[in-house]
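A.B. asks: Protein chains in written order, with my numbering: chain A, 62 to 577; chain B, 62 to 577.
These are computed hints drawn from the structure, not numbers from a lab. Among these hints, one or two may not hold up.
[Unchecked claim] Covered by chain B, according to a simulated footprint, are these stretches of chain A (three or more residues, beta-carbon under 8 Å):
hint, segment
1, 104–112
2, 313–324
3, 419–432
4, 473–480
The beta carbon of each residue, even a glycine, is placed where N, CA and C say it ideally should be.
Number of protein chains: 2
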Amino acid sequence: MLRRLIAYNRLGSKNPTFKLIACYSTSGKQRQGKIYESASDAVADVKDGSTILFGGFGICGIPEKMIDALKEKGVKDITAVSNNGGVDDCGLGVLIKQKQLAKIIGSYVGENNDLVQQYLGGELAVELTPQGTLAEKIRAGGAGIPAFFTLTGYATLVQQGGAPIKYDTNGNVEVASAEKPVQCFNGRNYVMEESIFADFAFVKAQKADPYGNLVFSKSARNFNAPMCRAAKITVAEVEEIVPVGSIPPDQVHVPGIYVKRIFKGTNYSKRIERLRITEPKENGKPAAEPKPAQLLRERIARRVALEFSDGMYANLGIGIPVLSSNYIPKGMNVMLQSENGILGLGPFPTKDQVDHNLINAGKETVTVIPGAAYFGSDDSFAMIRGGHVDLTILGAMEVSATGDLANWMIPGKLVKGMGGAMDLVASPSTRVIITMEHNARDGSPKILESCSLPLTGKEVVDLIISEKAVFQVEKGVGMTLLEFAEGYTVDDIIASTGAKFTVSPNVKQMAQIGCD
Amino acid sequence: MLRRLIAYNRLGSKNPTFKLIACYSTSGKQRQGKIYESASDAVADVKDGSTILFGGFGICGIPEKMIDALKEKGVKDITAVSNNGGVDDCGLGVLIKQKQLAKIIGSYVGENNDLVQQYLGGELAVELTPQGTLAEKIRAGGAGIPAFFTLTGYATLVQQGGAPIKYDTNGNVEVASAEKPVQCFNGRNYVMEESIFADFAFVKAQKADPYGNLVFSKSARNFNAPMCRAAKITVAEVEEIVPVGSIPPDQVHVPGIYVKRIFKGTNYSKRIERLRITEPKENGKPAAEPKPAQLLRERIARRVALEFSDGMYANLGIGIPVLSSNYIPKGMNVMLQSENGILGLGPFPTKDQVDHNLINAGKETVTVIPGAAYFGSDDSFAMIRGGHVDLTILGAMEVSATGDLANWMIPGKLVKGMGGAMDLVASPSTRVIITMEHNARDGSPKILESCSLPLTGKEVVDLIISEKAVFQVEKGVGMTLLEFAEGYTVDDIIASTGAKFTVSPNVKQMAQIGCD
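Here chain A stands alone, though its shape is the one from the complex (with noise of 0.2 Å):
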């Protein structure tokens, strides 16, 4: 329904006396012009060779109606611009296995067997971004900024190229990345990241109006959000289309100036990539006996919780980072960060509370405490970039003695990309804790003067923790042994480490956390 203001308006302090009729019309009236009967009606103009931004962080939050009517249409030689490759028969994995894709721009493609094939085998191009500077370059194509400076990346592959794009079919390198430009700002090396404008950006909301005001749930936040800003033809598929109105202003999440079709799609498959419960506590019933390697685990995350303070925000990787935050003593508050967008993460969730649109980083279930925050991918690593977050910790394949970190690649063998870890141990105002096992499974050290693996960062580690010893590492100073495990001395300590570190004066038993 149009409803139409008739208004006296006071024309410029000049003409204090003037008044005019005003005819507003901007004023409530439903532009259906947006809204699309169907997915395949949404897409019916997508081309063969169109580069397409596909919303979403694992299978949370994914377009999957337009996943399936792009499979449907087959159409072919599409560069999908997406955090992940799905898994094998879900999100991106459909159009993997129907081979429509010629590339894929990501940050992290470990879940998906085909894509790993594909790519191995010469079929499809695969240009790993680190995520934070995937959501940045996204960012800036939809906000008119077609390149920026950032520390992510710098003296690793994604800054000095040669990181393998397509391999041909004898599984030699075929194409590589670039070198990229670097710049010095405040005595600090910078990459020069350059942004990302597509044709179409496919992403899933919670609901819409008519206008296309999006608002999201949860997690699902995530790469959807700046996505929406940043191509041709933006089409939001939602479970809900509200009417004009119904949104209020300051609860928008993408303002509908950036959505030019929206449908309402049916039947979503809520589908879990990785379901974690907390189970009820069982009275009475005595834990299973730990096996070695878990009890291997539990001591360096019992060490690592003493890293912990009051008022921290903190990141955890999966693992024992994870695991480090069962042991934050009682009455201490630090808030987790989730770099697919939230503030504020709680324990597993009870089989009540899953919740497909609430996941972590890890892709696993999770809950939020009071006083959580959701946003997209893009504030995400704003926020982790700028260094807001204090600490940070990551497991690690490689560490060096000055601190160079490799924990994503390991070439010709292991494909899965290097997710947030090189946005997350760029800042310098953000505490690298690496936690790892003190030696490979074959015994070799994983403590080295200089790390033979791509790096995730150089000069980015403060702190090693392994079953072992802990490390500080300083810059200009390399590493000190500050405490080591009990059944250790300082001796097995230099046969078990690759690099050369001093003693601390004040080295001591390697401390642990107790847990009430």
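Chain B: place on chain A using the hints.
C.D. replies: What follows is chain B alone, placed relative to chain A:
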């Protein structure tokens, strides 16, 4: 109250049967540490010479209690980053009057006479920065991005340098702006702009929880949102402190990680800079006879209105452009953007609807239509710079035959600032219409072969609409006369125009939209 969750978590898939007692403590303890008693407590550690970001647009959403506390404290030599300079006795005006500021970085200072006098008198440095560039410099500062590229300001004083920043006491330029680097991307030249990160950010929000999560009211979000993220210490004054958990995580505007201190202010002045009211229609009473100047403005506005089309997004400058929205035809939906953070501007309010938190970019009280959205200044100019606004209509002091625009400065005479104009005209995806009186008061032409005044943008104008004529401006072609007003001849237009133009073979009388 500490909510302590005891949970059994499954470890990774390798250890499916092992269960662990988790002691999460990130789960709801109110962190009292962020809540300060008063403004003076919250600013107690501000030192002479500090750089401070002040939120607000005009005097909407300004941290008035902290400004008062700084006056009381008497700190000096402050570098203030603020879009505006307040008015003489309100906002930053309070500190300017006390001569507590050494420098202002802002986009528009035209509302404050003290400021302009101190500037021209050599007592205060003023670094005028395009509004969108200012918002993005702050956003970048908070996001760990030291520099970025933008079209805004290319080939103007902002990029070429030489803008007076500080005068000596004899009125000579003592400090002028430096030239900024230019780089070409995709065939266009962009300016490199460096980010801003300050000692303090003082912002005003509607409410906060004890974790520092913030919610703003309507267009009072403006610069407050990006500024929260770009300082060592961010202090938010709020009208209400609500319990942890009472702000839904999907509705947090600024997550608490960015906010170090909050306090509750009282007795807010709710002052309004420019009250505009829609008065009820007085039935039967004949409208006053319009004066010639009004008829002239109306003629331009009624021609401009023909450029609107259904579904369009437009940003209208104050004066004639805003007036033109009165002539948008019935049934046509044009969404109006206001660069202080509104999409979906409505008519001026009735007396009962007036809200000091809801103003347009001209600082006038407004309303919004159903389906509107609010956002911060960084998001607003991302929208503008990214070319998502279809049309912008502005006034001009001079326009050149090649589409150069000058509307922000008369050297040595007029110091107001460019506000958002440089950003609005910069995007090639946004159509730029200039509305202007054809000639200056002395009869001299304002449409010239080249502008004599400092530029707002180079080769940016698409259409010129005066009371005498309508010209199309095309890159590489120049100006074409499309229409001339009743009572004029082509020769009249030639005589009153300072630049050569082609006469369209289809030249016709100036069209006018009807208004029923």
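A.B. asks: Take the hints in turn and mark each one as holding or not.
C.D. replies: Evaluated hints:
Evaluation of the coverage hint for the segment 104–112 of chain A: breached, as 0 residues show C-beta separations to chain B shorter than 8 Å, against a requirement of three. With 6 residues carrying a beta carbon less than 8 Å from a beta carbon of chain B, the segment 313–324 of chain A meets the three-residue requirement, and the given coverage holds. Under the rule that three or more residues need a Cβ within less than 8 Å of chain B, the assignment of the segment 419–432 of chain A holds, with 4 such residues. A count of 0 residues in the segment 473–480 of chain A with a Cβ less than 8 Å from any Cβ of chain B is obtained; the coverage claim is therefore unmet, three being the minimum.
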